[in-house]
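Asks: Letter by letter, the chains look like this.
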Amino acid sequence: MAGNLQKEINKIKKNILSLGSMAEDRFKKAVHALKTNDTTLAREIIASDVEIDELEVEVEEECLKILALYQPVAIDLRFLIVVVKINNDLERVADLAANIARRIKTVSGTGTGQYRYDYAPMAEKTGLMLKMSLDALVGMDADMADRVILMDKEVNEMRNQAYDAMKTAILKAPEQVGQTINLYLISRHMERIGDHATNIAEEVIHLIRGKIVRHGI
Amino acid sequence: MESSTKMHTKGLDFYYNDAQALYDISLEFPQNRVTALIGPSGCGKSTFLRCLNRMNDLIPKTRAKGEIMLENMDVFDPALDVVSLRRRVGMVFQKPNPFPKTIFENIAYGMRVNGVRDKALIAERVETSLRQAAIWEEVKDRLNESALGLSGGQQQRLCIARALAVEPEVLLMDEPASALDPIATQKIEELIISLSKALTIIIVTHNMQQAARVSDITAFFYMGKLIEVNNTDTLFTKPELKQTEDYITGRFG
Chain A
615 MAGNLQKEIN KIKKNILSLG SMAEDRFKKA VHALKTNDTT LAREIIASDV
665 EIDELEVEVE EECLKILALY QPVAIDLRFL IVVVKINNDL ERVADLAANI
715 ARRIKTVSGT GTGQYRYDYA PMAEKTGLML KMSLDALVGM DADMADRVIL
765 MDKEVNEMRN QAYDAMKTAI LKAPEQVGQT INLYLISRHM ERIGDHATNI
815 AEEVIHLIRG KIVRHGI
Chain B
621 MESSTKMHTK GLDFYYNDAQ ALYDISLEFP QNRVTALIGP SGCGKSTFLR
671 CLNRMNDLIP KTRAKGEIML ENMDVFDPAL DVVSLRRRVG MVFQKPNPFP
721 KTIFENIAYG MRVNGVRDKA LIAERVETSL RQAAIWEEVK DRLNESALGL
771 SGGQQQRLCI ARALAVEPEV LLMDEPASAL DPIATQKIEE LIISLSKALT
821 IIIVTHNMQQ AARVSDITAF FYMGKLIEVN NTDTLFTKPE LKQTEDYITG
871 RFG
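Heads up: the protein sequence lines correspond to chains A and B, in order.
Just so we're aligned, residue 615 is where the first sequence starts under the numbering used here, counting upward by one.
Just so we're aligned, residue 621 is where the second sequence starts under the numbering used here, counting upward by one.
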C-alpha cells in the first residue's frame with residue numbers, strides 16, 4: 615500500500631511542478647509583452663489561462679482522492695495539505711499574469727507624452743521570488759524559502775514607488791488618468807504575485823520543518 | 621490539562637528464555653488518558669502490555685528486570701497478590717473470549733471470584749458494567765441467554781463489561797477491535813474514549829488510524845525498544861524521529 619501511496623504522491627509532485635513552471639512561464643511572457651507592447655502575446659496569455667485552471671482542478675481532485683483512500687500521516691499528510699495550498703497560489707499567479715496581459719492594450723498607446731514606467735526591476739525581483747519559491751519546493755530547501763519571505767518587503771516597496779510616480783504623473787497629465795491608473799495596477803498585480811511566492815515559501819517551510827510560519831507566528 | 625502518572629515502567633527488560641524481548645523500557649501512563657502502543661509485529665508491544673499485569677508470569681522460562689509501579693505499588697513485589705493486581709489492572713484480548721455461560725454470569729463471575737456474595741449488588745454491578753460497555757440496551761432482555769449467541773462485536777463489548785465489573789483502575793487492551801467489522805470497531809473506539817474519563821487505558825493496536833483516533837499519547841516500539849513517545853497529534857503530524865516517520869508512513873524496511 616505504501617508503494618502505491620508513494621506512486622500517487624510522485625504523480626502529484628510532477629503535476630504541481632508542471633503547474634509551477636506554467637505559472638512562471640505566463641508571468642515571464644506577461645513581462646515580455648509589457649516591455650514590447652506585444653498585444654498578440656497578451657491575448658495568448660489570457661486565452662491559455664484555462665489550461666492552468668484545468669490542471670489546478672486536477673491536482674486538487676488527486677489530493678482529495680489520496681487523502682480519502684490512504685489517510686496519510688506525517689510528511690505525506692503535510693505534503694498533500696501544502697500542495698493543495700500551493701496549487702491555489704499558482705493558479706492565482708497565472709490569473710495575475712493574465713491580468714497584467716489584460717492591461718497591456720490600454721497602457722501600450724503610442725500617443726506623444728504618454729507616461730511610461732519602467733517595470734523591469736520590479737518584474738525581475740518578483741520573477742526571482744517566484745522562481746526561488748518553486749526551487750525551494752523542488753529542492754526541499756527551507757533556507758531558500760526563508761530568503762523569499764525576506765524579499766517580499768522589497769517588492770512591496772517597489773509597488774509604493776510606482777504609486778508615488780503615478781500620482782505625480784496624474785497630476786502632470788490628468789487627461790491620461792485612465793491609462794496611468796491601469797499602469798499603476800500592474801504594480802499591484804506584481805506585488806500580489808510576490809505575496810503568492812511568499813505563501814509558497816511559507817508552505818515549503820511548513821512541509822520541511824513541520825512549523826506553520828504564516829502571519830509572523 | 622496535566623494528569624498525574626497512574627502507572628510507570630523504568631528500565632524494564634524482559635526475556636523469553638535467553639532471548640531478550642524488551643530493552644530498558646521507561647514509560648509513564650498518565651491517569652485518565654489513553655496510551656496507544658504501536659509498532660511492527662514482534663516489536664515487543666504485546667509483551668510489554670502483558671508485563672503490566674504480570675500476565676507473562678503464566679509463560680514458563682520468562683523473566684523481567686526493572687521496575688513497574690502502579691501508583692505506589694511495586695508490581696514485581698514477590699509478596700504481591702497477583703489476582704488483586706489483575707483486579708486493578710484489567711485486560712481485554714484480541715479475540716472476544718466470553719465464557720460459555722449466560723450473559724449475566726459472564727459479568728457476575730469476576731465479582732464472585734473476588735468474593736462478592738450480595739445478589740442485589742451483583743445484579744446492580746452487572747447492569748452498570750453492561751451500560752458502561754455500551755451494550756446494555758442490546759442485551760437487557762436476554763441476560764439469561766448464552767453469551768456465545770452474541771455477534772463478535774457484542775461479545776467484545778461483553779468482555780469489556782466483564783473487565784469493568786471488578787472496577788479496575790487501568791484497562792489493558794490488546795488489539796481489541798482487530799477481529800471486528802468497521803461498525804463494531806467504531807463502537808469499541810467510542811467506548812475507549814468514554815471509558816478513559818474513569819480509567820487509564822493502554823491499548824496495543826496494529827491499526828494506526830485507530831491509534832490516532834482514540835489515544836492521547838502514542839508510543840512507538842521497534843525491536844524491543846521504545847523509539848518515540850509523544851502526544852498522538854504530534855506523533856502523527858510531525859514525529860520527532862525519522863524512524864517513527866518511516867514506520868507510520870509505511871516506508872519501513
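Don't read these hints as lab results, they were simulated from the structure.
Check each hint, because a few of them may be wrong.
Incomplete in silico selection of chain A near chain B, CB under 8 Å [as the list claims (entries may be wrong)]:
no., residue
1, L619
2, Q685
3, P686
4, I689
5, D690
6, L694
Facing chain B, according to a computed beta carbon distance under 10 Å, are these residues of chain A, among others [to be verified]:
no., residue
7, L683
8, V687
9, R692
10, G741
Where is the CB? At the ideal position from N, CA and C, for every residue including glycine.
Asks: Which numbered hints does this structure break?
Replies: Of the numbered hints, 6, 7 and 10 do not hold.
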